[in-house]
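*Asks:* Take the sequences, apply the hints, and build the full model.
Each chain is listed here by its residues.
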Amino acid sequence: MKMIKRSIALLLSMAMLAGCSSDIREISDIALVMLTSIDYNEKKQEYIFTVNCLEASTNSSDSSERKSEWIASASGKSIFEAARNLRSRAGKILVWQHDKFFLIGESAARRSFYEVVDFLTRTREIRLSSFLIVGEGPALELMRMRAETGDLVSNEILGRIKNEQLWGKSLSITIKDVVNYYTNPYRGFVTGKLSKSMPIGGTREVIFLSGGSVIKEGKLSNWLTKEDTLSIHILVDKKYWRHLEFAEYVPYKSLNVGLRLHVNKRSMKLVHINGKQGIDIHIGLTGTIASLDNHLNLADPVKLRELENAANRYMERKLKKSLNRFQQVMKTDIIGFSDYLRHYHPYLWRKISAHWVTEVYPSMPTRVHVDVSIPTIGMSEVLGGSKDD
Amino acid sequence: MNVEKITPFQFGCMCFAFMSGFSTLYLLEAKLIMHDVWIAIIAATIATLFLVQLLVYIQRQFADMNLSDIIITVFGNWVGKLVLCLYLLGMTGLGVLSLRSISLFYTTAILPNTSPGLIMAIVLLVTTYAAYLGLSSISRAALVILPFFAVAMLVISVFIFDDVESNPFMPQFQNALPLIVYSSMISFGFPFGKTSVFAFVFSEITNQKKLVKSCTTAAIFSCVYLLMSTYLAIGCLGEYMFKTAAFPFFSSIQLVKFGENIERIEIMIIGIWTILTLFEIIIVQYCFVKIVGRIFGAKNLSSLYLPVGAIFFAVSMKSFDNPAKLVAYDVKILPFSIILPSIILPLILGCILWVKKSRKNQMDIQNS
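Residue numbers (UniProt numbering), protein chains in the order written: chain A, 1 to 389; chain B, 1 to 368.
Treat the hints with care, since some could be wrong.
[Stated by the list, open to error] Dumping the calculated BS3-like pairs for lysine-lysine here, alpha-carbon to alpha-carbon at most 30 angstroms:
| id | chain 1 | residue 1 | chain 2 | residue 2 |
| --- | --- | --- | --- | --- |
| 1 | B | K257 | A | K238 |
| 2 | B | K31 | A | K100 |
| 3 | B | K243 | A | K219 |
| 4 | A | K269 | B | K31 |
| 5 | A | K219 | B | K31 |
| 6 | A | K238 | B | K332 |
| 7 | A | K5 | B | K332 |
| 8 | A | K92 | B | K257 |
| 9 | B | K210 | B | K332 |
| 10 | A | K216 | A | K44 |
| 11 | B | K81 | B | K332 |
| 12 | A | K331 | B | K257 |
| 13 | A | K216 | A | K276 |
| 14 | A | K303 | A | K321 |
| 15 | A | K331 | A | K216 |
Keep in mind that the hints were calculated from the coordinates and are not lab data. Model, not experiment: these values are computed from the prediction.
*Replies:* Structure (structure tokens):
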């Protein structure tokens, strides 16, 4: 008995072996990858892998001093090989666990997303909550641009993604959503678009996160305008619109009213439109008056109601225009009508799914109803006080 | 060895830990029939509830006797021992499945450069010692860990629920009946079919009258946990991402963050998850030793724990050396191999006892 107990005690001490795991990494040996880009060189048929890194620790006693970014590229026949070839230049172990952005160059995106998406989901270190953005032109060039604010490029892009909720004309989605949409054969999707441009009053080109990139049948098919991206933001899943706040300049009689709008409801239903089965979308918006370009007595409920109706019509026209473009020009289901039909009308979906992409979706009638309510008019009623109209 | 009895409440908690260990790791039945998975899970739970009734009926015929003794009493010495060997085979499968699953998960998601053998050896050291300590210590440990598990899972679930866009169990009834039945078998095979293992500790419960209540409650809670995890994982990840992910529920937990910057909380969940998985292996090892002791007529079981741990380690090292084999076992072998120890043998045992009891009653009536 004693022998057994001693043996067990001896064997239990083997639990200390956990400390001998080869997975242990000292913080001084690692560099945190903050931003990664993937390009494809058609001529050489090679992937170009670029990282923007920060050292995890510094020997400097002044910890407040901003750590320098290190940007390096390497190429390889596969993404993994390119990433590994990068190690020949890295003095530290590269760690991807803090990387929040993956920038895919236009060349790689137009070729195929498959290997990129597969690599990102298969790699243990990469988090599904990271954002995947498509760059206009080579991603490598965008990566090497300095941040406009002087901050780290990764911090600046993170700030811009957070700000997407405050203007809506850009939409960056996570790797998790990219995988979910990408493998769905019936739909496309939109993710962020990073481009460079000269800012107003600027002296050098800076990066902009604006508009969107449409991924269809596994590759980049189109760029999306800012207006269409805003429509996508309003029309797709709740997680994209529940914190959205956007500005609209609504024409009302002879004046223009600036509105700050929030989406509070979005629903879809299958209806008959002109004898054909179509989709009816209902959007509920809540607005606040942001500016007026001329006198309007907002204290008058009738005027406010008329303004709401004008905003309804304006938004309906705008959204319908975008929808027509998605259906008839791009012919890509980037809203997710197919998902709605598959979930809530499975028997109809069985009949139409075979021809959904080629015939049904592009010609499916759609109707948009917008209901704008303006419960607040801001801190002032009307400049100079209300007068009789 | 002195057997300390445990209360029905302790037993219920232990059963839940045993059944729910890593039941949400693969969610294979959900990958097969997606939106209709709730039917499979509920069907498997109902089957489990019937199985519990049957096992408790068998136990009640022989108060204070262990299931191994009951089997030998009913089937006779040699046939009984053969039946016990079948149970040992099934338990080896379950133990090895748990060990390989835990090592696969760790080497895939957390420690890619660590040897699976080292992980399994460390796990087995813990479980062997826990099994050696006895049922009372195991159940007390389950009582300590379950509140942490419940609170952590509730908090995580609330945060994941926030990302659920539409009902992931829609559209319903879109799969053919044979496929739903097959998924129910997968769900019964893992995790619910394991119920037959804890029938071997029925005799160590203080109040036998509450056996059904304890087991039923544990099975229902396990069902709720599995349903909730599946709902959240499909809802949060989306249908296609769910099918893509090797460990879907873990992937959905990875997405949870508190505020903007507090994330990577999945590591706490992994800790709790691991402990629950340990309970599976501990209970399997404990029952395995009891059966081996009965087969060989050993009076002192304490010397058997270490060799049994070594057997589990040796078999684990040689089995399921890649994920494809593990998944194939879960999907293609276990749903069928579990039928013999968990359904057929208890049914035969129950029928024999019922017939014997009926005859005895008839004879009693004739005598009186």
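*Asks:* Would you mind marking each hint as holding or not holding in the structure?
*Replies:* Quick rundown of the hints versus the structure:
Annotation: proposed proximity of K257 of chain B to K238 of chain A holds, straight-line Cα distance about 18 angstroms (limit 30 angstroms). With a C-alpha separation of about 29 angstroms, the suggested pairing of K31 of chain B with K100 of chain A holds against the 30 angstroms cut-off. Simply put, K243 of chain B and K219 of chain A have alpha-carbon atoms about 21 angstroms apart, close enough for the 30 angstroms limit, and the pair holds. Between K269 of chain A and K31 of chain B, the direct Cα distance comes to roughly 28 angstroms. Compliance with the 30 angstroms bound is thereby established for this hinted pair.
A hinted pair counts as satisfied when its Cα atoms are at most 30 angstroms apart, and K219 of chain A with K31 of chain B qualifies at roughly 26 angstroms. Between K238 of chain A and K332 of chain B the CA atoms are separated by roughly 39 angstroms; this puts the pair beyond 30 angstroms, and the hint is violated. For a cut-off of 30 angstroms, the pair hint linking K5 of chain A to K332 of chain B is broken: about 41 angstroms separates their Cα positions. The straight-line distance between the Cα atoms of K92 of chain A and K257 of chain B is roughly 28 angstroms, inside the 30 angstroms bound, and the hint therefore holds.
With a C-alpha separation of about 36 angstroms, the suggested pair K210 of chain B and K332 of chain B falls outside the 30 angstroms cut-off, and the hint is violated. Between the alpha carbons of K216 of chain A and K44 of chain A the distance comes to roughly 25 angstroms, so the proposed pair stays at or under 30 angstroms and holds. The straight-line distance between the Cα atoms of K81 of chain B and K332 of chain B is roughly 28 angstroms, inside the 30 angstroms bound, and the hint therefore holds. Between K331 of chain A and K257 of chain B the CA atoms are separated by roughly 36 angstroms; this puts the pair beyond 30 angstroms, and the hint is violated.
For the hint linking K216 of chain A to K276 of chain A, the alpha-carbon distance of about 26 angstroms falls within 30 angstroms, and the restraint holds. Between the alpha carbons of K303 of chain A and K321 of chain A the distance comes to roughly 27 angstroms, so the proposed pair stays at or under 30 angstroms and holds. For a cut-off of 30 angstroms, the pair hint linking K331 of chain A to K216 of chain A stands: about 9 angstroms separates their Cα positions.
Going down the numbered hints, you'll see the structure goes against 6, 7, 9 and 12, while the others check out.
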